[in-house]
Amino acid sequence: MACLHDHSCEDHDCSSDWSLYKHIDIPKLSALNEAVPGSVKAVFKAWEQRLNSSEGFLESNEGDPELIVFIPFTSDVKIKSISIVGGADGTSPNKMRAFINREGIDFSDAQSMQAVQEWDLAENLQGVLEYQTRYSRFQGVGNLTLHFPDSYGGDTSRIQYIGLKGEATQLKRDVIATIVYELMPNPSDHKTKSESGGGMSHVE
Amino acid sequence: MVLEATMICIDNSEWMRNGDYSPTRFQAQADAVNLICGAKTQSNPENTVGVLTMAGKGVRVLVTPTSDLGKILACMHGSEIGGEMNLAAGIQVAQLALKHRQNKKQQQRIIVFAGGPVKYDKKVLEMIGKKLKKNSVALDVVNFGEEDESKTEKLEALVAAVNNNDSSHIVHVPAGSSALSDVLLSTPIFTGDGEGGSGFAAAAAAGGVSGFDFGVDPNLDPELALALRVSMEEERARQEAAAKKAADDSSKKEGESTSQDATMSENVGTSASESENKKDDMMDDENALLQQALAMSMVDPDTTVTTRDTDMSEAAADDQDLARALQFSMQEDAKDQSDMGKLLADQSFVSSILTSLPGVDPNDPSVKDLLASMQNQPEKKEDDKAPKEDDK
Chain Y
45 MACLHDHSCE
55 DHDCSSDWSL
65 YKHIDIPKLS
75 ALNEAVPGSV
85 KAVFKAWEQR
95 LNSSEGFLES
105 NEGDPELIVF
115 IPFTSDVKIK
125 SISIVGGADG
135 TSPNKMRAFI
145 NREGIDFSDA
155 QSMQAVQEWD
165 LAENLQGVLE
175 YQTRYSRFQG
185 VGNLTLHFPD
195 SYGGDTSRIQ
205 YIGLKGEATQ
215 LKRDVIATIV
225 YELMPNPSDH
235 KTKSESGGGM
245 SHVE
Chain W
18 MVLEATMICI
28 DNSEWMRNGD
38 YSPTRFQAQA
48 DAVNLICGAK
58 TQSNPENTVG
68 VLTMAGKGVR
78 VLVTPTSDLG
88 KILACMHGSE
98 IGGEMNLAAG
108 IQVAQLALKH
118 RQNKKQQQRI
128 IVFAGGPVKY
138 DKKVLEMIGK
148 KLKKNSVALD
158 VVNFGEEDES
168 KTEKLEALVA
178 AVNNNDSSHI
188 VHVPAGSSAL
198 SDVLLSTPIF
208 TGDGEGGSGF
218 AAAAAAGGVS
228 GFDFGVDPNL
238 DPELALALRV
248 SMEEERARQE
258 AAAKKAADDS
268 SKKEGESTSQ
278 DATMSENVGT
288 SASESENKKD
298 DMMDDENALL
308 QQALAMSMVD
318 PDTTVTTRDT
328 DMSEAAADDQ
338 DLARALQFSM
348 QEDAKDQSDM
358 GKLLADQSFV
368 SSILTSLPGV
378 DPNDPSVKDL
388 LASMQNQPEK
398 KEDDKAPKED
408 DK
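From first to last, the protein sequence lines stand for chains Y and W. In this text, residue positions in the first sequence follow the numbering used here: the first is 45, and each later residue adds one. In this text, residue positions in the second sequence follow the numbering used here: the first is 18, and each later residue adds one.
The hints are simulated quantities; they were obtained by calculation from the structure and are not laboratory data. It is possible that some hints are incorrect.
[Stated by the list, open to error] Subject to a maximum C-alpha distance of 20 Å in a straight line, what follows is the list of computed PhoX-like cross-link-like pairs (lysine-lysine): (1) W/Lys122 <-> Y/Lys85; (2) Y/Lys72 <-> W/Lys121; (3) Y/Lys66 <-> Y/Lys122; (4) Y/Lys209 <-> Y/Lys139; (5) W/Lys122 <-> Y/Lys72; (6) W/Lys139 <-> Y/Lys72.
Work out the full structure: start from the sequences and follow the hints.
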């Protein structure tokens, strides 16, 4: 399944291929079992920066290498392939399972559910390996959940970069949502840019 | 204003019949639960709270996470006391209930009231804690009721295993005169990781939400607002003093606990003497307060008089005679309490002097004003003046 990136990068621009990170809804990015809350956001960046770990990396909690990364997109995307750069010394994940369009997957769900696709990962420290998807199953992806059940023997799992290659459509999935309407005005939700009037509500 | 779904695990085991928390442990717990529900719903109206019981025939979910406070209040009435508390099962069922919450955007939190003894091993509890942390569920534990070393140790270990970035807390509440809910008001369980804690707690305690600090408009009722503010500061000072004292003592015992833990655990050891000290402090503070209030009430008349002084001085800037008259009239006001007769005598003397001055025409408007300002003179004094003028 893995194809080696063995051509010179002069004829085409690799970074434009791996540009799905631009369509990720960053504030809603989340991960389970991360040691530092919010560190998952440092993992999605441009192709050129994939080896740059200055902004930190995603690490799981001590003694437990399992990780779940939830990636929501701002519009529906089609994912062609995925690239993962792990950590050194056995902290790279050795397996990846993907679920699409399911929110709120936790570890018990992930372990019992059938994944849309599973891959065995190699230790890819240079970020030259990419794992292709069964493209027909990855059309119209509103959100992607990646589950990394185990590492290469290390105490924790470390991920430095997750790259996604594919196409973004401008469509948004129709979701049957349970919408909770505002029961009581919450001033922090209503920051008005201008005081100028006409508006009937005056929130202080 | 964190969006949160909370499951509260209450202990309805046999140990809750005890009356060391007034009126019974179970009732104190119910009050605390009501307060927590109110606080959570107020801080963010989209928050939901659910309740389950841990003892009795088995763990039972009374209310699934909802924002309807009435339902929660009603279910607390219906629950019965009996059996033994099953902490592990309670937490696991709470986790399951939270997993199936309607709004997946809410953070998950479990609040456990641990009154009875804990029969599980420390290891089992630590495993449960790690699982909660992995699924990013926060846990708050209220340790009250039965007190023994192993229970405290186990619960501390549990919270340490779950704690991620200070989002989980443990509070030890010893039996004493203050109610369980009052003690909880000042803990991070209510203040929610330090976001404007005491102000909110005061509002919750007052039971009212308004734009002003204490639910009282300073314009409408300044004395009440002042009294509330002073009592709040006194309470804060007392708590800081107690925390400082406890922190010094407990730093010898354990290295790492929050200052709240230190206060509470210290109370466990020396509860009787500390409560007495606190009472003494309160009495002293109350006396100091009383004296302060008295001093302030003394100041008030002076301030009103000085304001009147300024008003009058502006008006009388032009006319010297008028100014003098006003001065005399104000002196008269200040000396109001003293001898009236003496005052009148002075005034008649002064007016007679003024009218007898050469060049002072009684019909001059300024003189008339002068006379008008001394309205309280009886008529015979004016008659005295008239013959004097004639003499002139």
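Against the structure shown, which of the earlier numbered hints fail to hold, in ascending order? 6
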